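One line per chain: the protein sequences are A and B, in this order. Here the UniProt record's numbering is used: position 357 in the first sequence is 357, and no number is missing along the way. Here the UniProt record's numbering is used: position 104 in the second sequence is 104, and no number is missing along the way.
Since the hints were made in silico from the structure, they are not lab data. It should be emphasised that the depicted structure is a prediction, and the values quoted were computed from it without experimental measurement. For glycine and all other residues, C-beta sits at the position ideal for the given N, C-alpha and C. Treat the hints with care, as some may be off.
Heads up, simulated DSSO-like pairs for lysine-lysine below, C-alpha to C-alpha not over 27 angstroms straight-line [unchecked claim]:
{"#": "1", "chain 1": "B", "residue 1": "K385", "chain 2": "A", "residue 2": "K358"}
{"#": "2", "chain 1": "A", "residue 1": "K200", "chain 2": "A", "residue 2": "K385"}
{"#": "3", "chain 1": "B", "residue 1": "K323", "chain 2": "A", "residue 2": "K358"}
{"#": "4", "chain 1": "A", "residue 1": "K281", "chain 2": "A", "residue 2": "K353"}
{"#": "5", "chain 1": "A", "residue 1": "K257", "chain 2": "A", "residue 2": "K92"}
{"#": "6", "chain 1": "B", "residue 1": "K388", "chain 2": "A", "residue 2": "K385"}
{"#": "7", "chain 1": "A", "residue 1": "K388", "chain 2": "B", "residue 2": "K323"}
{"#": "8", "chain 1": "B", "residue 1": "K424", "chain 2": "A", "residue 2": "K166"}
{"#": "9", "chain 1": "B", "residue 1": "K135", "chain 2": "B", "residue 2": "K25"}
{"#": "10", "chain 1": "A", "residue 1": "K204", "chain 2": "A", "residue 2": "K145"}
{"#": "11", "chain 1": "B", "residue 1": "K369", "chain 2": "A", "residue 2": "K369"}
{"#": "12", "chain 1": "A", "residue 1": "K353", "chain 2": "B", "residue 2": "K135"}
{"#": "13", "chain 1": "A", "residue 1": "K197", "chain 2": "B", "residue 2": "K388"}
{"#": "14", "chain 1": "B", "residue 1": "K385", "chain 2": "A", "residue 2": "K323"}
{"#": "15", "chain 1": "B", "residue 1": "K166", "chain 2": "B", "residue 2": "K40"}
{"#": "16", "chain 1": "A", "residue 1": "K388", "chain 2": "B", "residue 2": "K166"}
{"#": "17", "chain 1": "A", "residue 1": "K353", "chain 2": "A", "residue 2": "K369"}
{"#": "18", "chain 1": "A", "residue 1": "K369", "chain 2": "B", "residue 2": "K145"}
{"#": "19", "chain 1": "B", "residue 1": "K166", "chain 2": "A", "residue 2": "K323"}
{"#": "20", "chain 1": "B", "residue 1": "K358", "chain 2": "A", "residue 2": "K145"}
{"#": "21", "chain 1": "B", "residue 1": "K388", "chain 2": "A", "residue 2": "K358"}
{"#": "22", "chain 1": "B", "residue 1": "K358", "chain 2": "B", "residue 2": "K385"}
{"#": "23", "chain 1": "B", "residue 1": "K145", "chain 2": "B", "residue 2": "K388"}
{"#": "24", "chain 1": "B", "residue 1": "K369", "chain 2": "B", "residue 2": "K40"}
Just a few of them, taken from the derived set where beta-carbon distance is under 8 angstroms, the chain B residues facing chain A [unchecked claim]:
{"#": "25", "residue": "G262"}
{"#": "26", "residue": "L367"}
{"#": "27", "residue": "V368"}
2 protein chains.
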Amino acid sequence: MSMKWTSVLLLIQMSCYFRSGGCGKVLVWPAEYSHWLNMKAILNELVQRGHEVTVLTSSASILVDPSISSSIKFEVYPTSLTKDDFENVFGKLVDTWMYDLPKYSFLTYFSKVQEILWKYFECIRNLCKDIVLNKKLMDKLQTSKFDVILADPAGRPTTFSETMGKAEMWLIRTYWDFEFPRPFLPNVDFVGGLHCKPAKDLPKEMEDFVQSSGENGVVVFSLGSMVSDLTEERVNVIASALAQIPQKVLWKFNGKKPHTLGPNTRLYKWIPQNDLLGHPKTKAFITHGGTNGIYEAIYHGIPMVGIPLFVDQPDNIARIVTKGVALRVDFNTMSSTDLLNALKTVINDPIYKENAVKLSRIHHDQLVKPLDRAVFWIEFVMRHKGAKHLRAAVHDLTWFQYHSLDVIGFLLACVATVIFTITKCCLFCFQKFAKTRKKGKRE
Amino acid sequence: MSMKWTSVLLLIQMSCYFRSGGCGKVLVWPAEYSHWLNMKAILNELVQRGHEVTVLTSSASILVDPSISSSIKFEVYPTSLTKDDFENVFGKLVDTWMYDLPKYSFLTYFSKVQEILWKYFECIRNLCKDIVLNKKLMDKLQTSKFDVILADPAGRPTTFSETMGKAEMWLIRTYWDFEFPRPFLPNVDFVGGLHCKPAKDLPKEMEDFVQSSGENGVVVFSLGSMVSDLTEERVNVIASALAQIPQKVLWKFNGKKPHTLGPNTRLYKWIPQNDLLGHPKTKAFITHGGTNGIYEAIYHGIPMVGIPLFVDQPDNIARIVTKGVALRVDFNTMSSTDLLNALKTVINDPIYKENAVKLSRIHHDQLVKPLDRAVFWIEFVMRHKGAKHLRAAVHDLTWFQYHSLDVIGFLLACVATVIFTITKCCLFCFQKFAKTRKKGKRE
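Pulled out of the complex, with its shape left as it was, chain A reads as follows:
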């Protein structure tokens, strides 16, 4: 099973060493964008419980900001790459994903994506080199004697089982409110929504705008942390749809103000998304389908309109559409009417709200909260120096053992030997019999 790096969500790998009991030392190898947001929630909880947390990050990191917390240690290593290099690669990738599919044949599109992916992997490879060839850093890490490594694998292309085989425990950032039920191994736990919290108060200006919506309420709209700009044509299509609804709209958008923008819509460079989705006036959420946003909507029971852009987003939207809490529109081909109709339906047809509330009840009805489960497993691995009792034997098998080829080979060899022996015996008996008959005839 090959692991598409793009569709893999937060998978936390823990390989554990040393000490046990009490508080431990945790080394963290984070990923960028939404993955870092989940990781931060776990790290804050670990620090609160008295663990010593060190995040290993490069000087070129986009979102991993050492100034966010005084209680988390940051080990920032120098790299020849710059933050701009990184952002350029991500930006090109996002642009290609979003706009190039309708422009080119599938093969050309695929090779363009592949080309940028290789550039991205080259960056990651350089970062890895900058760590392992940095003798001073490596010495420091080795003498630090960490109990556990928390890694967010976004990983050169590798196989799923190869990466999985090295981890003691996997924490998946989804749950069964969102996933389709399927078998999983005991060293996997589903901790989706671990970053969600009850809503806090909004900033005064925003609260006033939300309250001004009256009974119609508001719609929250965000395309996530990776997309900052859109083409003017698409922006106007979206804005003119939003202008036609009776709700007020809060739109997280960084680009030029579209000329079709209605008076009911306000643009924000940043929005307190979780607090907005938890606001009693919020009627719907327009989302690109990142798991973090979807989980905030599930947590607060808000129906959605999905505009998936790339990687795992079409999959994610397909899931919530199946659960009956969302409708999907296509970013590249939708008209204003398409978006308008989808919005009107999820807001006015009560079944969407009902399903969203049902999903929210399932999400909240867990014996232990996802964040506490994540922290429990990290501490478990430290306490027991691993989680060997949960590790399936499959990880220690070669591919021919996994497919029982050694057993089948042995059985085939047995059958072949038996057939060979029987044939030889028959042949021998037949020759003997033929000889005797010949002799008899001669006499």
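With chain A fixed as given, assemble chain B onto it according to the hints.
For chain B alone, coordinates are given in the frame of chain A:
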């Protein structure tokens, strides 16, 4: 996958109806012997949490005793079978399993077991008839409007997936301290050891006997609730092995006192097994390998000698032998020396105690205790009228859909059509070409 009724442990099936919120009405369809002991632990907890629990049992039940609790309701239905009929069938089954394998060829043994199993299934079928044809009882059950059914399926021979498909949630009476890691579906929870508790004080006479063992400590010996008698020869082999160890022995045994019984060994018709295994003087446990006894030993960290007798017991013992907490001896072929050596090894080689303590630590290090998880899921099914979000789509597929035969069939039909069309076209072109050539030649 066919379900051997004998190897299936406590699988609690819940199909849920009606009401939600607060306290619910639970209907219980129990099984006999050790399964009933686990079920009782769950029912007591449910009653303590304010639920109304009704156990449906026949007048011929062996262990399900309406006098055990005033807070659990018992709906005892009349049946033409007697308790003796039931005990006879079980007794014959146990005798055949224990003694007949070495006496007969495997085929004869197998057909003897099969014959008694059919008698057993006949009894169960009669019980079922006695319920569904009892109009008064059925009316009463239907008007009672239960929220959930708790069933312990032992079940006519049926397929695993058929039974599984009907349940909202499955509670398996093992856990990963005991099981080999393998994939499982999200509507399965492993609640092994739910009946285990910290040890209570022993009866005075027993405590005195245990204390008299001094530093050597004691050995606890039980072959479970189903085996009440053994052949004289086997009993003497066992007794003479026990007579040779420096420990005192507490042996749960109902039969005639063996003449080789040593002064260090006392026979008891019943022992408080969990309290004995949790006693600080207990050095080892000799067990037939029922999951309840094994879990009490895991809970208290006690090494074991396994004498598996039938059904799932050889499997269970194989597991704990692999975990390094037990040795196995064969009931029919062991000599006194075999049993003696096994006992000496698990008591004197410290690795067995170390492994048992390690397993015990893993067992106790769970976020939520098994009994609380079992109760949570029962209440969850009542609150949400099922657990549909955990139900894999596989249960709604036919066998040919499950094996993708419909998809493969369709694809094969497509390929066949394409090949047929191409062949026809080629043939047509060839004929045309041949005709033209003939014409050309003629001209």
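Cross-check of the supplied hints:
1. At most 27 angstroms may separate the alpha-carbon atoms for a hinted pair to count; B:K385 and A:K358 meet this at roughly 12 angstroms.
2. Taking the CA atoms of A:K200 and A:K385, the gap is near 39 angstroms; set against the 27 angstroms cutoff, the hint is violated.
3. Proximity of B:K323 to A:K358 is assessed by CA-CA distance (about 43 angstroms); at most 27 angstroms being required, the pair is judged violated.
4. Between A:K281 and A:K353 the CA atoms are separated by roughly 13 angstroms; this keeps the pair inside 27 angstroms, and the hint holds.
5. Proposed proximity of A:K257 and A:K92 is supported: the alpha carbons are some 23 angstroms apart, at most 27 angstroms.
6. Restraint check for B:K388 and A:K385: the C-alpha separation of about 37 angstroms exceeds 27 angstroms, so the hint is violated.
7. Pair hint A:K388 plus B:K323 holds up; C-alpha atoms about 11 angstroms apart against a cutoff of 27 angstroms.
8. Only pairs whose Cα atoms come within 27 angstroms are accepted, and B:K424 paired with A:K166 is rejected, the gap being roughly 56 angstroms.
9. Annotation: proposed proximity of B:K135 to B:K25 holds, straight-line Cα distance about 21 angstroms (limit 27 angstroms).
10. Of the pairs offered as hints, the one joining A:K204 and A:K145 is violated, with about 47 angstroms between alpha carbons and a cut-off of 27 angstroms exceeded.
11. In summary, the hint linking B:K369 to A:K369 is supported, as the alpha carbons are separated by about 15 angstroms, within the 27 angstroms threshold.
12. With a C-alpha separation of about 44 angstroms, the suggested pair A:K353 and B:K135 falls outside the 27 angstroms cut-off, and the hint is violated.
13. Simply put, A:K197 and B:K388 have alpha-carbon atoms about 26 angstroms apart, close enough for the 27 angstroms limit, and the pair holds.
14. For the proposed pair B:K385 and A:K323, the alpha carbon gap of about 17 angstroms is at most 27 angstroms, so the pair holds.
15. Only pairs whose Cα atoms come within 27 angstroms are accepted, and B:K166 paired with B:K40 is accepted, the gap being roughly 23 angstroms.
16. Proximity of A:K388 to B:K166 is assessed by CA-CA distance (about 33 angstroms); at most 27 angstroms being required, the pair is judged violated.
17. About 24 angstroms separates the Cα atoms of A:K353 and A:K369, which keeps this hinted pair within 27 angstroms; it holds.
18. As the CA atoms of A:K369 and B:K145 are separated by approximately 32 angstroms, the hinted pair breaks the 27 angstroms bound.
19. Distance restraint check for B:K166 and A:K323: the Cα-Cα separation of roughly 22 angstroms lies within the 27 angstroms cut-off, and the hinted pair is therefore satisfied.
20. This hinted pair checks out: B:K358 and A:K145 have alpha carbons roughly 24 angstroms apart, not beyond 27 angstroms.
21. About 12 angstroms separates the Cα atoms of B:K388 and A:K358, which keeps this hinted pair within 27 angstroms; it holds.
22. A distance of roughly 40 angstroms separates the Cα atoms of B:K358 and B:K385; the hinted pair therefore is violated under the 27 angstroms criterion.
23. This hinted pair checks out: B:K145 and B:K388 have alpha carbons roughly 21 angstroms apart, not beyond 27 angstroms.
24. As the CA atoms of B:K369 and B:K40 are separated by approximately 16 angstroms, the hinted pair is consistent with the 27 angstroms bound.
25. Interface restraint check for B:G262: the shortest CB-CB distance to chain A comes to about 38 angstroms, outside 8 angstroms, so the restraint is violated.
26. Checking B:L367 against chain A by beta carbon gives a least distance of about 5 angstroms; that is within 8 angstroms, so the hint holds.
27. With 8 angstroms as the threshold, the beta carbon of B:V368 comes within range of chain A, its nearest partner Cβ sitting at about 5 angstroms, so the hint holds.
In this structure, the hints that do not hold are numbers 2, 3, 6, 8, 10, 12, 16, 18, 22 and 25, in rising order.
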